[in-house]
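Engineer: We have chain A; now place chain B onto it with these hints.
Chains A and B supply the protein sequences, listed in that same order. Position 55 of the first sequence, counting from 1, maps to 55 under UniProt numbering, and the rest follow consecutively. Position 193 of the second sequence, counting from 1, maps to 193 under UniProt numbering, and the rest follow consecutively.
These aren't lab readings, by the way, just hints derived from the structure by calculation. Careful, some of the hints might be misleading.
No distinction is drawn between identical chains; accordingly, a pair holds when it is met within one copy or between any pair of copies.
Lysine to any residue pairs mimicking SDA-like chemistry, simulated, CA-CA at most 25 Å apart [as the list claims (entries may be wrong)]:
no. : residue 1 : residue 2
1   : K89       : Y468
2   : K465      : Q216
3   : K37       : E291
4   : K401      : D426
5   : K195      : R151
6   : K377      : P298
There are 2 protein chains.
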Amino acid sequence: MKNYDAIVIGTGSGISIANKLLRDIPDARVAVIDRDKPGGICLTRGCIPSKLVISPVEVLHDIERLSGLIEVKDIRVNFRRLMERMREKVGRESSMIERSLGERENIDYFKEEASFTGPYRLKVGGEEITSKKIFIGSGSRPMVPEIKGLRNAGYLTSDTLLELEDMPESMVIVGGGYVAVEYGNFFARAGCDVKIVEMMPRILSNEEPEISRIVQKELSNHAELFTSHRVTGVERNGNVKRVVAEGPDGRVVVEGEEILLAVGRESNSDILKPWLGGIETDERGWIKVNEFLEASVPGIYAIGDANGKYMFRHVANREAAIAYANAFHDAGVKMDYSAVPHAVFTQPEVGSVGMTEKEAVERFGRENILIGFEELKTTGKGLAMNSTGFAKVIVHRETGKILGGHIAGKSASVLVQEIATLMALDATYHAALHALHIHPSLSEVVSWAFGNLMSVEEYHRLMEKLGY
Amino acid sequence: MKNYDAIVIGTGSGISIANKLLRDIPDARVAVIDRDKPGGICLTRGCIPSKLVISPVEVLHDIERLSGLIEVKDIRVNFRRLMERMREKVGRESSMIERSLGERENIDYFKEEASFTGPYRLKVGGEEITSKKIFIGSGSRPMVPEIKGLRNAGYLTSDTLLELEDMPESMVIVGGGYVAVEYGNFFARAGCDVKIVEMMPRILSNEEPEISRIVQKELSNHAELFTSHRVTGVERNGNVKRVVAEGPDGRVVVEGEEILLAVGRESNSDILKPWLGGIETDERGWIKVNEFLEASVPGIYAIGDANGKYMFRHVANREAAIAYANAFHDAGVKMDYSAVPHAVFTQPEVGSVGMTEKEAVERFGRENILIGFEELKTTGKGLAMNSTGFAKVIVHRETGKILGGHIAGKSASVLVQEIATLMALDATYHAALHALHIHPSLSEVVSWAFGNLMSVEEYHRLMEKLGY
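If we strip away everything but chain A, and leave its shape as in the complex, we get (with noise of 0.2 Å):
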């Protein structure tokens, strides 16, 4: 049985462990254990791949806004191209990580599963083997429920769409949360007959209603949408596929050449059995950490989509670095998930950081917060652009610390950065009032917003009146 100086489980950010230990200890010995694809989920069937595919498509909603002012007589997206731009970026990407794995002395790369046997032991390939550091970055795969007639149909995951040579002329998306939406947003304007499926009220639940709203009534626009509609059988009639579903006018029945199911992910535990090693998870398998980031057991540490906290790369990059500084350095430091923003690329853009209203509510008590509002035609740069969306930030009343923003339009994912970085800083909302925004640009509609800040009431009157 072979002992190790670490183990990582998962080439997503757990890399960065095996880097930084081999550079301040150049002759560890480390086992890195991957059974895909190394580069993890967000490089080989997460963000990178979804956003090489999706974003060119933001063109066309712009030009749609500029209707009148540049005119498009045809305009068309080539799918088959763009696939192969992602895979071929992308398996580049991943072959590089493939080859410096592989020549790393120091490190052992077992392209296989893993499992736990023991504490602090695991089984890979046909080996034993051990370590005190052992650094769970396992990953997640896309949650496939037991819907009736669904694998004899056949569906499409967000993994296995990547293999798409041809767009499907239609597809009914179950599920309606980023990745139903991104791709649902993505599909249509490419020019396929999108119906999204959401059980729940809304789409993108886990937004701000307002957010909700806007991305909704877009979306509209190109895609069918059935919110409050349940699932609950899958058929097959030849090429086409039916999904069945309650909603609250009784059962629809939604066609389409392909399925893609977007429901959410599950836990790879299933197959790494960490309790095995005595190892605590969670009752849908999300291995438990404290805010050390360590897990039940001494020296084990679980990062990225496997501790179930925040499903981002940029998150689990910092865990990792977390993980590794509390695991070799002994610093004692903790995770702080209060300023982790994210964006959803549709057209308007989401980007959110921090608190929901809802949240900041039940935190802090309605009238101990504030909301600031201001819409992205306001500022002269979105006038210019005829952009839709809005800036929201909340912000604590007493205290005048930023508890989130969140918006929606053209490059929320940039604007929403600068309260990000803010937060992160634990600054009032008086920094942004006070820190010069270029006139005209986006920017402004940040600063806007917190120099526009109202009760909970009043802001909540002023939504109704514009319509939101």
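Structural biologist: Frame of chain A, contents of chain B only:
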């Protein structure tokens, strides 16, 4: 002779001073003077109308970058509609300001030229008026140099260009600053045959050389650039205007249907005659102010272009707020110009804040600064959009304080805001590393640039290697 509690000259940022005074002292008497359409240069003939006209062509560049992925057969800029929309939106806004000025009982609004006749005394229309508090926001105007034949041949400025109905088929632009380059880029992409004649060896000569080069390279695909060319004369031959210039290889003659003169702005002090009020100006007529924005005569303040410092509306707005606080609340606030961001709306877009490399080296010495660099295409989102461009950041080696940031590329005007905000907070670059950035998003380029600091020498070796 009528005495006022305040006289505000100019209806740009100065309007906010009148509004604040009347909010604080409702029965104050205020004179507001502007010979031009109200709203100031920015609204009526500067940044707002220019962005309304030029911004929509951004999508042409985006589509160019996505060639092969998004296929467009026929794309046309509707110049006439762009100009109409601009005039309509600007006109509406300006009329609203005009109406509101006319309606307010405590404001006497003079749509006239004003000039000083003595200390605290101005002649406006037929009257003389006086106040112990005078705010000079008299702006600036396009400079018209003495060039042989120019007046006779006729020319456009950034003012008169806004009256165009149809797009000229060809245009010679004299100048290479941001006005020349923004309009040059716009007209060239919109299908006009554009030639730019600039005296300096590079366009955008106030920006970092790398920024000039990348904009110049891109612009050269659409327009003809004559840098290091000094205009010596202009001739007219029927409908053709000829600009004669001397360059490194001798004399060139550049022809066009129109000439756009964009060689800078000059003071309106020849009209205002501040010296008759005892107010000092510099040799170019800009009003000298101290750090409290007070002119050489107590109680008299100069804001915006009039003081000749930073000709940006966002600076003028801040100066107006500070001048008011100092004049009426004895606030003793100093104007801080260390984190003034600005943008150039070309493709690639430019966003910049703080010191250039040259300024930082002069101030602190080559060995005491670090430069960080990252290309947009390194980020997943930049890769997805086939983005060109980069972020360059400048940091003080010992303290880690951020001295400047210079970005070229998609969304540069928004990306630079994070740096401007950090600089306004006097933060170190560690803040940009500490704050989580969405992966993938263009924002990563800023944080990665700060994560990739090097010596000035290393930086220049890198630039050479990358071919910037």
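Engineer: Does each hint fit the structure? Answer for all of them.
Structural biologist: Evaluation of the provided hints:
1. Taking the shortest alpha-carbon separations for K89 and Y468, only the inter-copy value of 24 Å comes in at or below 25 Å, while the best intra-copy value is 40 Å.
2. When the C-alpha separation of K465 and Q216 is checked against a cutoff of 25 Å, the pair qualifies only within one copy, where the shortest distance is 19 Å, while the shortest distance between copies is 47 Å.
3. Taking the shortest alpha-carbon separations for K37 and E291, neither the intra-copy value of 30 Å nor the inter-copy value of 60 Å comes in at or below 25 Å.
4. Proximity of K401 to D426 under the C-alpha cut-off of 25 Å is found in both arrangements, the shortest distances being 7 Å within a copy and 18 Å between copies.
5. Proximity of K195 and R151 under a CA criterion of 25 Å is satisfied intra-copy only: 20 Å inside one chain copy versus 63 Å between copies.
6. Proximity of K377 and P298 under a CA criterion of 25 Å is satisfied in neither setting, with 53 Å inside one chain copy and 40 Å between copies.
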